[in-house]
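**Q** Protein sequences appear in the order of chains V and Z.
Start counting the first sequence at 79; every next residue gets the next number (my numbering).
Start counting the second sequence at 4; every next residue gets the next number (my numbering).
No lab work stands behind these hints: they were computed from the structure.
Please note that the accuracy of each hint is not assured.
Derived DEER-like restraints, expressed as beta-carbon distance ranges [unchecked claim]:
(1) D59/Z <-> P112/V: 37 to 47 angstroms
(2) A147/V <-> L250/Z: 43 to 53 angstroms
(3) E204/Z <-> R238/V: 24 to 34 angstroms
We treat Cβ as the ideally placed atom computed from N, Cα and C, and that holds for glycine.
Chain residues, written in single-letter form:
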Amino acid sequence: MMLSRDGIAGLVCLALSIGLFALTFGLPPAVMVPVGPAFYPRVVILILGILSVILIVFDVLAMQRQRAAAVAPRATAATAGPAPNYRLVLATFVEFGVYILLIPLLGFRISTFLFVLLLEITLEWPRSPRHWIVMILVAVATSLVCFYVFEDYLSVLLPRGTWSGM
Amino acid sequence: MNHYELLFTHIGTVLHFQYLIPLLVGTIAGVIGGALPGVTITMTVIVVLPFTFGLDPLQGLAAMIGVYVGGSAGGSITASLIGIPGTPSAVATTFDGFPMTKKGEAGRSVWVGVWSALIGGALGGLCLIELTGPFASLALQFGPWEFFSLFVFALSMVAGLVGRSVTKGLLSGAIGLIVTIVGADPIMGVQRFTLGIHQLEGGFPFLPVLIGIFAFAQLMPDVELIGADEQAIAARPTQMNLKVSHLSVLWDILCRPFMLLWVTIIGIVIGVLPAIGGSAANIMAYDQAKKFSKRPEKFGTGIPEGIVASEASNSANVAGSLMMIMAFGIPGDAVTAVMLGALTVHGIQPGPLFIAQHPKVAYGIYASYLVALPLMVAVIWVGSRLWMRIIMMPKAMLIPIVLVLCVIGAYALGNSMNDVYVLALFCVIGYAMVKARIPLAPLILGVVLGDQIESNMIQAVSTDADPWLFLTRPISGGLLAASVLSIALAVWQHNRETKRLAAAAEEEFDTDF
């Protein structure tokens, strides 16, 4: 049985609600108040579970209707815009993930400089030496301006790196 | 001191450099953020947020109100000049603003929008000042039953009205509530769903969740299209003559006073309704202005009424949202949700007692809002040539800077990398929700209201164990009935729309063959 993104979202939420509902059995019963710590979470989890099932059922019904009509691809091909560039999205996620892992190791200044420069290059490869210089300057400025504005004027101490010491 | 004496005293306070500078900087940031296509007001207020942690509460709020007011007007610049709404709240401005620009009246198009925003905002400000107090007094009559029902109503309304699917809206709200059940329970302090991770014992912090949900959800759709819209960007004009007779522009706006008043009221009412925001207000006001116009056929061809309707309602919507957060503690939209988070960082809880307990901050908000409006006009006037250049800023440079500021925003909250990891987790969830076409607004409202829904429910049943009181107390019962009605209405509207689309598709199918 094929599911669209709605059905998959419903399945993920259903799995989450089943898992969380199981965890509520480990919570202690009510003491002195009519409802215990498990009551409200169970209500919310049940609502999530029911909505997930509705989403899955609607999706299955919609897919069946679509199969019966068998006209969907014609319509989508006509209305499609430019194809999304998921490689860039994945690269942004990975670089952002590496950035936040590196902050405690390299410190805010170095890791921010590297992150900004790398992401700039990833999103748009510099076309000329001047473009390179602008991108490097933006990375340096972002790192240093943020650091000094927050540390000196806004009393926010940004993280130092355990490897770099700065 | 009476109401207006307090207001004028606080306007005087806000005009001191100490408050005026954050307000000005916030307004400039708002105009730029609003004008940049793809950067919403919510994103801008998130970016400005970390800069406010080191300030006193009123300075921080002044900066955010500047962003809110500036962003609402800034969105109209791009909508009018290049036909791309800088923010979702300026969508309807493109309908007449861009055709007017194409007719060679770029200056008129921009300034009708800006002056409408000022007038609509000022009328909204009047309502904000006059009605917030009575609203708060009404809220003081509420017991835990009524608050529980009010929060449920707010959530059901948002879930029903936002997005195309009612089920997905409700699902999003339920996910928001799930986020709030992690951590210690409000009565016994029992740890729930922490999976032994001690960093989760305090629950998920609200602001990193909010920043995470919006950061990638709003930036990644732009990343997906990098390279694809180069031709469109290259075709954008970089210089335009924005000179215009301001008196004739003001006449364009003021010659239809009843329409102006009507669209302003629509803006305020939409602002008061939880989490719907300017994106709905401008479309609804445009639609109403068209219906009541003597020349509806001219709408969409570049007439000032279309721009006035969109921008006046959009600006008044800000006042409505502020009213709701100050009287009930319920954010009118995502921007006020961030402001609510910023207030709680400073130990201030908005709600019915907010004006009585924090008059300086409350009147400071009124004053900042009123001062921000002329400031917004001045900022756009002085920097009009500069804004044209800024809206052309490459996304490849903008996106990394915004992400760095998001990280600082999450980190600065508690000087802890744990909050940054929470941010990263919700970045993934936010983007996944966008791809699954699940609306984000109900989730945010669920996160904001989840704890209060639970604590009011427990307080109610601890006071009187009879659960029927939720239904038999008139206000509580009325609000719960309204919740059911709002969902039923949304389902009915959705089914009607689906049938209409299906009929249209069938018609198209017939004509093709």
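**Q** All hints, please: hold or fail.
**A** The hints, checked one at a time:
D59/Z and P112/V have their C-beta atoms about 43 angstroms apart, which keeps the hinted 37 to 47 angstroms range intact. Distance hint check: the CB atoms of A147/V and L250/Z are about 59 angstroms apart, inconsistent with the given range 43 to 53 angstroms. Distance hint check: the CB atoms of E204/Z and R238/V are about 26 angstroms apart, consistent with the given range 24 to 34 angstroms.
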